Structure formats: structure tokens, C-alpha cells
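Enquirer: Sequence:
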Amino acid sequence: AIVTKAHFSLFTMATSVADVCDTILAVCKSAPEGVPQEVLTQRCGGQTDIHLVAKGINQLLVDQRVRVHNNEEGQIVFQYSAEANQRNQRAAEFEAAAESEARLAKQHRTDVLNHCGSTRYQASDFKRDDPNDWKHTDGRDNYTSAEVAIGKRCHGFHLELLKMDVTPASSHYKLIHYDVPLLDPKTHVLHVKGLVKQELHLSVAEIKQRPSETHAVLMACAGTGRSQQKRRLWTHAPWGPDAIGCAEWTGCSLADLLRECGPLVDQGAAQVIFTGADRGVEGNLVQYFQRSLTLDQAMKGHVLLCHAMNGQDLSPAHGAPVRIIVPGWYGMASVKWLTSIEVVKEGWWGYQMDAYSIKRTAKDPEAVPLQQLPVRALMAPPGFPDFVSRTRVLSAGTVRVEGKAWAGSVALERVEFSGDNGTSWRPAQLGSKNGTFGWASWWIDWVAEEGNHVLCCRAFDKEGRCQDRLG
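If you read the sequence shown in this note's numbering, its first letter stands for residue 10, the second for the next number, and so on.
Source of the hints: derived by calculation from the structure; they are not laboratory data.
Straight-line distance between alpha carbons at most 30 angstroms, and here's what the computed DSS-like set of lysine-lysine pairs gives: (1) K471 <-> K115; (2) K172 <-> K161; (3) K239 <-> K372; (4) K172 <-> K471; (5) K239 <-> K144; (6) K368 <-> K354; (7) K136 <-> K239.
If you're wondering where the values come from, they're calculated on a predicted model, not measured in any experiment.
Turn these sequences into a full structure, and let the hints guide you.
Expert: Dropping the structure here:
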């Protein structure tokens, strides 16, 4: 659509905001592919403040629903962007998936508590039902050499960096089950196969050429906080509260990829298996790391096939050259070093599916698979640390205590702070999340008096979930 001299005259001679809006609507409605009038009306129509109109027009240009350029005659052309419309559709799909995940997060929390909450099942029940268990400790200070070796390979997040909105790749937690595979991005091929109409075999370059998006995603290991448990699972990484990170992940939509392949639902396609290149032994089985999602989960619109982290190609330890990211879920779902995506019938239950489940006993037929993240707040340790104990030291006086809170895609309601080990609580200031599946900053001023203090924080979300207290 061309802005003619007549249109410029209308802009110049406009005596009201309504005149300007009418002109914009007249110009953009005639775009070849039809700029949606309801969008323009929402952005500009009915406004009474010229600044709001300008803001609406600018947002249209930022969204690239309308491109502006000069043609050969020197006229300014408003051109509708089909590519931008596709991006907006993807964004809408992503947000719809996030809303669905928020509802499921509440139900998942209920399912976990109903199965293994402290009012339903306690340590004494476990000891009775599984008397031959040997994988759990009976204390917090009896670390094994095997745990220490795993901990050296799988490092946690640096808690003092909770003051940053985006976690640097070098400080994001890493859980590496087996070895880090060295895959050549020039020759690596991802195979999409199984019950699909058309298999795909994609090079890394082809994956990078697909429409991409970037999202801040809070990721946490299912075992975070394990070292603070008295009955600790010692056959895994001895995480403190630090198995977290919030990076910006870039990749293409898994849903778009699967739609392109065409899952054969009429032949029973119902599950998607993701296989990584890392290989090792667990449960006396030689295996590649594998996880699965239901077909509905995989095609919801929020799962990403990623090739970059914080604007850089993935590093070997973070899954190079390609991995999936399942926003809002525990980290085990985001398979690294991806080699294949296979659509199969329902019923597949691999080792890593069973390992990451809430169970009463080792062979629990009613195990609840771990999925959506809980609500949580964590604080950046104030002051400075003792080298060995990590006990914090600071001067008396007013101290700004700050940290982050998250709840997957669920909106946060509030964060509370305690300076007396949970005896009393005060509300903290809470900022906005840095992404739909990201985290939010919180802060409070605390008057530190001489003596020893135990500081606590806890978060609540708008689905009614609250953070667990250690004990």
C-alpha cells in the first residue's frame, strides 16, 4: 500500500487523532495481503492521545506486521509481511502452550503430593515397604567418594549470580550422565523418523536455517537440594540448591518440525522418543540417554530444537550441536547431543523415564513421572563467604537482600523473606519475569544485627502453589 501525497496532506492537515487513525487504517487496509484491521484498530483506533497512537504505530513496525520502504518512485510503501504473520502465529501458539502448562503444573503438584506428600507417605513407610533399599543414606554428612566424583563433573550454578537476569553458560548448572560426545556440526545429522509420512534427515546448517525464536528458560535439575536431605539418594549428583540456570535458548519449533513430517496418528502415533549421543551404563544396562514426550506434549508449541545458548553456538558440555529444550519442565527432559527424534506408538517407558519419577518404592506401579517445575525462590547470599563452610559474613546495618523466583509458566504471586529462620515473614518486592518460562527478581532491605542469623525466602504462585520448607 502506497502512502500518496494525498495521504501526506491528510497527515499534515489532521486536526484530531481520529483523522490520523483513519488515514493509517486506509493505507494499511489496502496492503496486498491485508493487514488485519482488528490489529490496527487495537493498536491505533479509538485512542485520544497522539502519543498512544504513535506508540501503537511503532509497535506495528517493531512486530513487522507492516514493513516500510521507499519504492522506485520515491514513495513510501507499507508492505504486509507474511513471514512476520507466521512469527506472530508462532508466538500465539507458544503463549497458548504456556497457559496449558500452567494449568498442568498445578495438577502435577497435586498428583505428587497425593502420592508421596508428607501427609500421605513418610520415611518410615518407605523403610517398611522397601527394607532392602541401599541407595539412600541416613545422614547429611556421609558423602561417598562416588558422589564426590560425580559432583566434580557436574557443577552447579554460582548462587551469587542470582543478581543477573541471564545466566552465563559457564555458570549454568551441568548434569552430564555419561561422557560428553564430540559431534562435528559440519557432518552431524538429526534423524526424524518412525510413524511419520515423511522422514527428515537434517544437517545442523539446515536446522539453523529454519525460522528461529529465542526464549529465556529457567531450568532446574530434578535432584536440586538433594544434599540437604537426611535420606539422600547417594547414587546421583549431590546437588545443593544450585542445580539451576536461566539462559536464553535459540532454536526452531519442534511442533513445526513434526507437522512437516506428518505423524501417522491413524497408525497409532502417540509418543516421541528423543535420543542423545551420550552412552553409558545405568541399572546394569548399556544405553543411550533417552527421554520421551507424548505426541500432544511435543506438538503443543513450546518445545524448542535448539542450537544456541545466550546468542552463541552450543558448547560441547551444553549439548552441541543440537538439543531440545522443554520449557517449564525439569532439566532431564531437555535431551542434549540429539541424534534422533522418533515417533512411536504409546507405551515406551525407558530407563530415564523410570529414574525421574516420584515413587514410593523402587518398583512402584503407580509412579508419577516428573514433569513441570514447582514454585521456588532463592536468594543471592549476602556478604562474603568463609572458604570452607560457606557461612556468610557481613557488617551490621541495613543490607539489600535479593534473589530470583520462578514457577515455570505460572505467574508469580509473591515472595516472602525471613531473617529469623522462618519464625516471621515479610513480603519482598517482586519484579517481572524475564520470559514466559523465565524467572523474576525480588529484593528486600534487612537490618542485620550482630549475631548469627538464618535467612529464608519462599515463593507463591497464582495457581495456589507454595514453596516447600526444608525439614
